[in-house]
Amino acid sequence: MLRWLTTAWQYLRTVSGDNAYERYLAHHATAHPDQPVLTRKAFFKERQHQKWSGITRCC
Amino acid sequence: MNKLFGVVLAVVGGFALGGIAFYRQEPINSLWIVVAAVCIYLLGYRFYAAWIAAKVYLVDPTRATPAERLNNGRDFVPTQRWVAFGHHFAAIAGPGPLVGPMLAAQFGYLPGTLWIIVGAVLGGCVQDMTMLMFSMRRDGRSLGQMARDELGPFGGFAALIGTLVIMIILIAVLGLVVVNAMKHSPWGTSTVFATIPVAILVGFYMRSWRPGRVLEASVIGVALTALAVFGGGWIDQSSFRGAFDYGPTSLAGFVIAYGWLAAIVPVWLLLAPRDYLSTFLKLGTVLLLAIAIVLLHPQMKMPAITQFVDGNGPVFTGKVFPFVFITIACGAVSGFHALVSSGTTPKLIANERDVRLIGYGSMALESFVAIMAMIAAALLDPGVYFAINVGAGIVGSAHEAAVQTITSWGFPVTTAQMDKLAHDMGEMTLFARTGGAPSLAVGMASIFGSTFGRGLLSVWYHFAIMFEAVFILTTLDAGTRVGRFMLQDLLGHFSKPLGRTSWYPSVLVSSTLVVAGWGYFLYIGVIDPNGGINILWPLFGISNQMLAAIALSVATGIIIKNSKPIYALVTGVPLAWLALITTFAAWQKIVSPDPKLGFFASASDMAAKLANGVLPPEKAAVAPQLIFNQRLDGWLTIFLTAIIWLVIIDMARICIRRLNGLPLTGSSEAPYQPTRLEGALAANRPLHGAAPVGH
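Residue numbers (our numbering), protein chains in the order written: chain A, 3 to 61; chain B, 213 to 907.
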């Protein structure tokens, strides 16, 4: 039951983008460990800008 | 085991659908429709979609997807398939599948229900999945780029113009739905207005106070919007009531001003937080509605088929063929989905196998939302349904006369019944509340009220109005912004600085032009006593199906180049059907001598009446604008039909070359690279640790 709840919570966090910054840090650490990372605020700003510069919502 | 499951599905689904189609003695239960729909979606998913994936696309689980090859941790990210499914469904699901079935219910529930199910399984789901697959094989290229690469420069240009036109019409018609839902409803209006400061607050929260804490901010925002529903009820009883009591023209002015402001302020202030709220509300409400419909399984009170299939329908004019197929676009086949399927989603797919779930599955779920809207329409007393959805231009503005006319159609209703209903829902009146949103809200309030407590009917009603308005306004914001980007792209060909998306003067000019475009159609829709939804909704349906026809043409062109020619029928058949119904509907809209149906006939009829001085003064004052608008709509329909056929001819040229063995332009598909993700995927571990290739 607890494991099921944890999975559901993780799913909710991932699908809503709540843990996007943590996932970015993990990706950054393996892909380019030598380069500086964005702050949480800067990362979120960039992500939002990028999300809303294309067609992301429908009728 | 799998085969057994399939056989059981086929038997249950066939039985349920047969029951719906042939059972005529008394009202049937909505559970039949739910069971039939779910079984047929599962059959389509299990067999047809799997066959297409294996034989037509030649899905290859060992092939690296662009998400893996181009992984940058931002837009290209291999994503767990259920997460990608959630993103894709949230992107495609909008207010369209709620409104269309509500209007098409005037034909009875059967024509719309059959089209929603069959259209989705053979058309809409296939279109979405195919665009997703082909865009993914081309590194996430857009519909416009693929049209240019595969059909030629004309195809690309047609896709661009088509998208721009549909965006303008779509926003205008959705704006009209919101205006009609809020007119002279202080409770509804104040609740919808309150969502604006709530969104701004959530925007600041996510931007400055707790950056990126999406869940916290959304929970706070959803709680505040729920409070706003109760707050609206309080305002409705208080002396502030008058401050939120507006007629349609002022409300249209507010919507236009809001749309313009939302387009020129930064996204984090209004659009992004509103989108989080609307996504949560949307998914929550859809889930709640599904649970409530299954628990309550109401009887369908609307007949299976009404006399209005003959073309004299009071909600909108036109025979069931072709107009049911135009009225229900979203929920069956929606061309707009091709833009999302060839935009962000293909960059998230971790493995080619996932395309079936994300593309076909999301659309099947959206189609199910349309089925629920149809059930919400059909559980109303038909007399009540028509009293809410028929405009004063048809039955007159006197309530006594309106109920007499509607009762004479064979759908009994009384003013006492309507007054009681309006009182229960906390509204002054529910007569002539066209646009679909109020009748959907009445249907949803009845379902929720019966399932979760009857005492709160008026709260449920205004919750439903707020829910519809919030995501209509999100579509309005997002659509205006997309329209602005496309316009800037076009203007960039004439003046370099105007093409720079972040240059503020260019932002102002292009946003104003886009808002002026949809604002014009919204304004005309509001002042036209007979028109409004009757004019705009078919125009929206035609332009949405036109976009689907462009997408399916591109898909057919790609299949014929790369697979067995016979497989082109997978997209070719839905394309032929869409081309047939849109052309037939457009033809009637253009040449019909019936002023209620034909654009030019209506313009001439009104011009003659104006010249003879038989129009009452308030109608005569707006007649010149309405005459101009009907002619404009007529020319727009001709233009859209011409674009569809030019794209189809362009595609047919490629098919003929292929069948005759003539040389074709090369494929724009990205070359094969083996995946390295297989292990990570099989174990279902988080994917962000995977080493990106070609970085």
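Hints in this document: simulated from the structure, not taken from any laboratory. Possibly wrong hints are sitting among the right ones.
According to the in silico footprint, chain B covers these stretches of chain A (three or more CB under 8 Å from chain B) [to be verified]:
hint: 1; segment: 5-11
hint: 2; segment: 44-50
hint: 3; segment: 53-59
Values in this document were obtained by computation on a predicted structure and should not be read as measured data. Beta carbons: idealized from backbone N, C-alpha and C, even for Gly.
Exercise for the section: Any hints from earlier that this structure breaks? Give me their numbers in increasing order, please. Expected result: 1
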